[in-house]
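Chain by chain, the residues:
Protein chains: 2
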Amino acid sequence: MNSQRSGGRRGRSAKRQSNAKKQFDLAWRQWRNPYPPIEQFSADEIEAIHEATLKVLRDIGIKVLSDEAREHYVRAGMRAGEEGVIYFDPDLVMELIAKAPSEFTMMGRGEGRDVMIGSNKVGISTSAGSPNCSDIQRGRRPGTLQDFEDFCRVAQSFDVIHLFGPVVEPQDIQMNIRHLKMARAIATLTEKVPFVYFRGRQAVADSYEILRIANGLTPDQLLETPVCYSVANSNSPLQLDDLMCKGIIDAANAGQMMILTPFTLAGAMAPVTIPGALVMQNAEALAGLCLSQIVKPGAKVCYGSFTSNVDMKSGAPAFGTPEYVKAAFASGQLARRYGLPLRSSGPTASNAPDAQAAYESQMSLWGALMGGANLVLHGAGWLEGGLTISAEKFIIDVEVLQMFAEIFKPLEVNEATLGLEAIADVGHGGHFFGTQHTLDRFETAFYSPLLSDWDNFENWTDRGSADATTRASKIFKETLQNFEAPALEASRLDEIDDYITRRIAEGGADIEV
Amino acid sequence: MNSQRSGGRRGRSAKRQSNAKKQFDLAWRQWRNPYPPIEQFSADEIEAIHEATLKVLRDIGIKVLSDEAREHYVRAGMRAGEEGVIYFDPDLVMELIAKAPSEFTMMGRGEGRDVMIGSNKVGISTSAGSPNCSDIQRGRRPGTLQDFEDFCRVAQSFDVIHLFGPVVEPQDIQMNIRHLKMARAIATLTEKVPFVYFRGRQAVADSYEILRIANGLTPDQLLETPVCYSVANSNSPLQLDDLMCKGIIDAANAGQMMILTPFTLAGAMAPVTIPGALVMQNAEALAGLCLSQIVKPGAKVCYGSFTSNVDMKSGAPAFGTPEYVKAAFASGQLARRYGLPLRSSGPTASNAPDAQAAYESQMSLWGALMGGANLVLHGAGWLEGGLTISAEKFIIDVEVLQMFAEIFKPLEVNEATLGLEAIADVGHGGHFFGTQHTLDRFETAFYSPLLSDWDNFENWTDRGSADATTRASKIFKETLQNFEAPALEASRLDEIDDYITRRIAEGGADIEV
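Chains as they are written, first to last, in full-length UniProt numbering: chain A, 1 to 513; chain B, 1 to 513.
Hints listed in this document are in silico derivations from the structure and should not be mistaken for laboratory results.
Any given hint might turn out to be false.
For identical chains, the list gives no copy identity; a pair is met inside one copy or between any two copies.
When the alpha-carbon atoms are kept at most 27 Å apart in a straight line, the in silico DSS-like pairs for lysine-lysine are as follows [claimed, not checked]:
1) Lys409 to Lys121
2) Lys99 to Lys409
3) Lys99 to Lys121
4) Lys246 to Lys121
5) Lys313 to Lys296
6) Lys313 to Lys474
7) Lys313 to Lys246
8) Lys181 to Lys313
9) Lys313 to Lys409
10) Lys121 to Lys55
11) Lys121 to Lys474
12) Lys246 to Lys477
13) Lys296 to Lys181
14) Lys55 to Lys474
From a predicted model like this one, the values you see are computed outputs, not experimental measurements.
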């Protein structure tokens, strides 16, 4: 897709390219996971979860709190029961799910910014939806548009971030026009594939229109080109509310990507057993994904997994737990069972950007990536189970993501890399620092860290003994200072601004949350 | 092995058992990795590394700085060249390596303390060999015997630590008697399978004798029962020094376990390419392991992998890097190629027990464990590339290890865990907190953390906003306060003390380092 578009942009952005410190590394922008996924369950066990899921859908059903969605389901052949419950025919569920594509490309704004989802391809998004943001100087505070824009800038600056989530809620902007301000910030400050909230039909339509203009697409082209993604959360257990149903229908009709993510916390909204929680996740995901395929067969969707557990002493949600990791591995097996791309996440329950935040998020990330996730949401910045996005945590996460991007690069084994000549030259004792084999490769041989400090203790102490969190704070600020906005054609920006001015004059949108 | 021994001990330790907070979880003491290992290379690529290794051994050879070892090699059929170089016959190498067992059990002192190594069995050791130790109150300081003993106590207190490494060098004890003081601390304060340094023949013999007494074995039984382990580091590139050769020979003769670990830092003592560094690791490991098998066919050994890379800007060693992870995956393939148990590690280059320490060590650990490691050294406490053992890092690592122990527990899929009845009972909306399905399982359903704080931000702030490192400090101190020494028969302790008194009177041992 980009091969056609990039020609024009390449000319326009020549100045920016020449200013850039270095050419981007395509392997950081477009991840390919070279490892076969880790499997939690045997094929028989996955079939048992699958069969139990179909029984839940057939016998217990899903309560669908939308007349329009229920009509869609019934039209497709499902049975409506009392109190809004829809009972699902198992064969029909499988027929509908089979219509969803297993792979697709989302259009990003800029060279190498398209995001391929499915198979061994992986996209990473920022954290999303936090009411608060924090940094170690100012502490935790309600989010503002300024914060939202700053995270747009920092997300744009790192190539291992492929999609942009609504990092923090700009609480200083009134609800009816908030989505317009957010869409403008996204269109002007990032090239990453952005998220659109399901907060009512007008707001969704506004966001799609602004992104259509920003991407230079005609309305017909937009129908075939996903330029953004949304998450529909089922109301576990076994409910789909009106707002999410509308969003699912609107996204399918608009040709935009939708992830159905049940919020199945084992022990709270889902059974206390991981297989039981997975049955519930699976039932809710398939039910919601069916609606997409009824509305528009072939609609681009992701299977969303977010199964974790609560602390049984307090009821508090926990993330990056051993149970979370196992559920992530298993979710990959389920998504592949249905030929669907998998969405997973990188969350933590830590209240600070500290060692706990680092080890819990990395547990989540290994579970997600080695489970075969194609889309990792909340990949950078998340703290406190999502209640805060942290500047320092964002940088810590970017470092870990860059490490994963490098792990995913294959290693070539050939005469040159086996290095027998160099080994013979150096012989016994000595070192390889000065050999031609080393000199030819040393600049690119190894990952060079963003945040990690590998200096010795004495030098590190002389420089002030800054820990990783303190260093991350500095990197976040420097990234903001060095930010250069991506190119956006003046005519598109004018069109976006005209649209937003008109919509604000009309009173914005009726927002539902 | 323990089934016979534990009868008597169970009686003696009844009081201790009743005081214990809870019975130990056998799955924490004896790890089984349920996942097939992640593979870095294709079978052909592994064969290419193997073939290149045999060429290095045949054509370049290993410089062996020990007359005794060279005689062993020549006696077995290898060819001695000039300047101490031994050239290896490839067929003979493979014959000798085939004599090493792929699985064995090490005897621990106490119920459930035996450590099985090989296949899918995994043992975890503490950090080892640091000259310094640190905690956040007192900072970094040279290690003392008191510090060594404190780490013995803390290592004993956590079931996910299976082996004890020489955590920190007791620099306040003179060298000639240091090994005696260390062995006594180990015998009285821990039941974990300990490490013995190769620091000269007398010191090795002293250590073996003290551990023989502590374990209640006859000299003949010791020959068949590994009660400790040692690491022989080759002097990369392609050298084996006199001290290590003596240690390899002595361990094989004594029936004690030996790990041959090349210190192959890509770009420094090994080629800058990972396949090249692996060829060197492989050549040095096979050469040293051959010596064990010549001295005593069937000697219990581990294939040691420690390949990492340096920072090419400064030459500083780096750990937990993307290259480290890939080398760890590949090392598992090589060890399995030879039917040998694999030793790997959990290191970091961080100078502080911070987020970097957490994410680098966890990268190392995922590489090690998913690469199929059977023995993870430096699993708890390591900082600064090994120059310091940190109290707080030790606790952070224990938390992560406990999480891995829980990840490794299989999940059963059956009617009860699928939970269809509970799902039907709760229906649409509502929650699972009060269901019988939850009540029956909530106490053991999920891992309950040691260090992680899952409380909400407000409560966490009210309690003083302690970050993970601060909390780890408190846990380390509480663990020391609550320590109860494991049982050791009075007669054994007397025998150990008599031995040590005599050996000190004799002037201790001639130490080489």
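Now the hints, each set against the structure:
no. : hint             : in the structure
1   : Lys409 to Lys121 : within (13 Å within a copy, 29 Å between copies)
2   : Lys99 to Lys409  : neither (32 Å within a copy, 36 Å between copies)
3   : Lys99 to Lys121  : within (20 Å within a copy, 44 Å between copies)
4   : Lys246 to Lys121 : neither (29 Å within a copy, 51 Å between copies)
5   : Lys313 to Lys296 : neither (44 Å within a copy, 55 Å between copies)
6   : Lys313 to Lys474 : between (38 Å within a copy, 21 Å between copies)
7   : Lys313 to Lys246 : neither (37 Å within a copy, 55 Å between copies)
8   : Lys181 to Lys313 : neither (41 Å within a copy, 44 Å between copies)
9   : Lys313 to Lys409 : between (42 Å within a copy, 22 Å between copies)
10  : Lys121 to Lys55  : neither (32 Å within a copy, 38 Å between copies)
11  : Lys121 to Lys474 : neither (32 Å within a copy, 43 Å between copies)
12  : Lys246 to Lys477 : neither (40 Å within a copy, 55 Å between copies)
13  : Lys296 to Lys181 : neither (30 Å within a copy, 76 Å between copies)
14  : Lys55 to Lys474  : neither (54 Å within a copy, 50 Å between copies)
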